[in-house]
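Each protein sequence line maps, in turn, to chains A and B.
The first sequence: position 278 = 278 (the UniProt record's numbering), numbered continuously.
The second sequence: position 237 = 237 (the UniProt record's numbering), numbered continuously.
To be clear, the hints were calculated from the coordinates, so they are not data collected in a lab.
Each hint should be verified, as a subset may be incorrect.
[Claimed, not checked] In silico contact screen, one side only, chain A against chain B (beta carbon under 10 Å); selected entries:
| hint | residue |
| --- | --- |
| 1 | Thr231 |
| 2 | Glu234 |
| 3 | Ala278 |
Note that CB positions come from ideal geometry on N, CA and C, so glycine has one too.
There are 2 protein chains.
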Amino acid sequence: MKKFINQIEQIVPEMVQGLVQTSNGQLRCLEQTTAVIRNDPQFQNQTQVGLVSGGGSGHEPLHAGFVGDGMLSAAVCGEIFTSPTPDQIYAAINAVDQGQGVLLIVKNYSGDVMNFDMAREMAEADNHQVATVVVDDDIAIQDSEQGHRGVAGTVLVEKILGAAARAGYTLEQLQDLGQQVIKQTKTLAVALHAATVPGVGHPGFELADDELEFGVGIHNERGRNTEKLVTAHELAAKMLEQLQGEFTDFTQQHYAILVNGMGATPLMEQYIFANDVADILQQQGVAVDFWKVGNLVTSIDMTGISLTLLQLQAGWRDWLTADVTTLGW
Amino acid sequence: MKKFINQIEQIVPEMVQGLVQTSNGQLRCLEQTTAVIRNDPQFQNQTQVGLVSGGGSGHEPLHAGFVGDGMLSAAVCGEIFTSPTPDQIYAAINAVDQGQGVLLIVKNYSGDVMNFDMAREMAEADNHQVATVVVDDDIAIQDSEQGHRGVAGTVLVEKILGAAARAGYTLEQLQDLGQQVIKQTKTLAVALHAATVPGVGHPGFELADDELEFGVGIHNERGRNTEKLVTAHELAAKMLEQLQGEFTDFTQQHYAILVNGMGATPLMEQYIFANDVADILQQQGVAVDFWKVGNLVTSIDMTGISLTLLQLQAGWRDWLTADVTTLGW
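Okay, chain A solo, but in the shape it has when bound (with noise of 0.2 Å):
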């Protein structure tokens, strides 16, 4: 294993620290906190629900990377692939509070979905209103209970609920907003080689030179088949037409389209993957209002691309586009 790291245990306040530091006065940390919070002028001017979202670390810039004006209040950043305690999100959602509540974006893993809730539990005994938006959007595997893993589309949720909260949605709005969005949102993923977890030191799994895992999650989770490798037009047109199958209607909508690296995909390929995936969506005359294309939601070194679509209602896609001072976006 081969990182610019220092000691492996450091690697995440040190991360951290890293962000704050270069962020140009933008971000600071919460006290004794892996928290990163909004540090930029607005701010304390502004009075908005705060938006506070996290989970495990090495997805960057999610969640991080996506604190400032017009997206979240704040982030809270757990270690690598492991969900943030609760006592760091409710730091998190006390900070942010400016008494019109607080909303959380919760990726939907077990331990992300246990340790928003028992922050919520203390921040509400505290008289904090709090409410919950939980992302599902994958549609490779479903657990039997958990449901739908919460992957690449979260950035979009967190923009489009970031750019309502500054024009002042309340917090019911907002989860009302978030819950509608969260509901046309579908991701899925492909990888041609596993990310290597620092503390574990090598890939979380091996494939042939000519293979792909389909259906990847972002924690190193292999996927639904491991398949022969194909050319980028072929591939997003399979994936397209999986994720198709997800939306009623579909040639008869509006899309925003999402086209992410996992961490070590050259934007260059990612392009020409966003090209194939445009390519068919004008022969099959599908309308795509907004694109995104770039490393926004990773997996530390996974070479992976993945695809989301969000099936735009009236006045989503102003939000998508709103100004916003944030390092990711």
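Following the hints, complete the assembly by docking chain B onto the known chain A.
Relative to the frame of chain A, chain B by itself:
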């Protein structure tokens, strides 16, 4: 070699098409070229000096991802690691000249310098006013004929000149400013794994599990030395020491710093390394007025980091923080 591509010969045109198709209308491709030009509504209404850059592909988001209001007017995308042809560069000059002339921003490689020079001569014969600045920020290697290479610092030059051009600087003023900025921009890069050029099919060089290459270029050029892998902090200290030697009165000045991932380096590790850089400079009492961290000037899928120091003069920080509408900044 496992990559998300179709045919190797189609990589660059498909990448450019993907970039344009997913730019939400911000970019267009000049017909029968792989040159990308601004397509935003402001572009036709402004009158400013045109800024054209370009070079071999494989460094995305550089250069096409930096085309937009407040940065480049156009970028010419050559084949992978290969200069674009003079006729493509000429087409870009011709398309962006609004009567105020065009500045070419060229990385110091013999192929690029030669082809941009030929394009300039073609354009001048056609009554365009054209000037050139050549970026040579890499301190690792000095070729006896060509001098220092142009690497990641190029993006800071493009950002400063882009903001100044929008603010109404003349061609002569921009060339002068560019030369001043370039003189104060110094970069050093290291790699843990070389890039795999698609047409080659394997990494450009091999390193052992405990080795890093110190002083690499952005085209898989080996560096000054192959060395033992050290911690991020030791590496930051060593790179800073060598970069500092390039400046007079180092600790008395103000700096902008770019920590740049070279394609397959997780953002997590870039922030850890940046944290070490920030800590060391703080201990030295050096003022850093602007930070940028991320994959800006990559080398396909190289696992590596470059560190750029730009010694600031009055006003330059404002150009660096000025608003910009590009895909990559």
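* When the hints from earlier in the document are held up against this structure, which numbers fail? -> As far as the earlier hints go, not one is violated by this structure.
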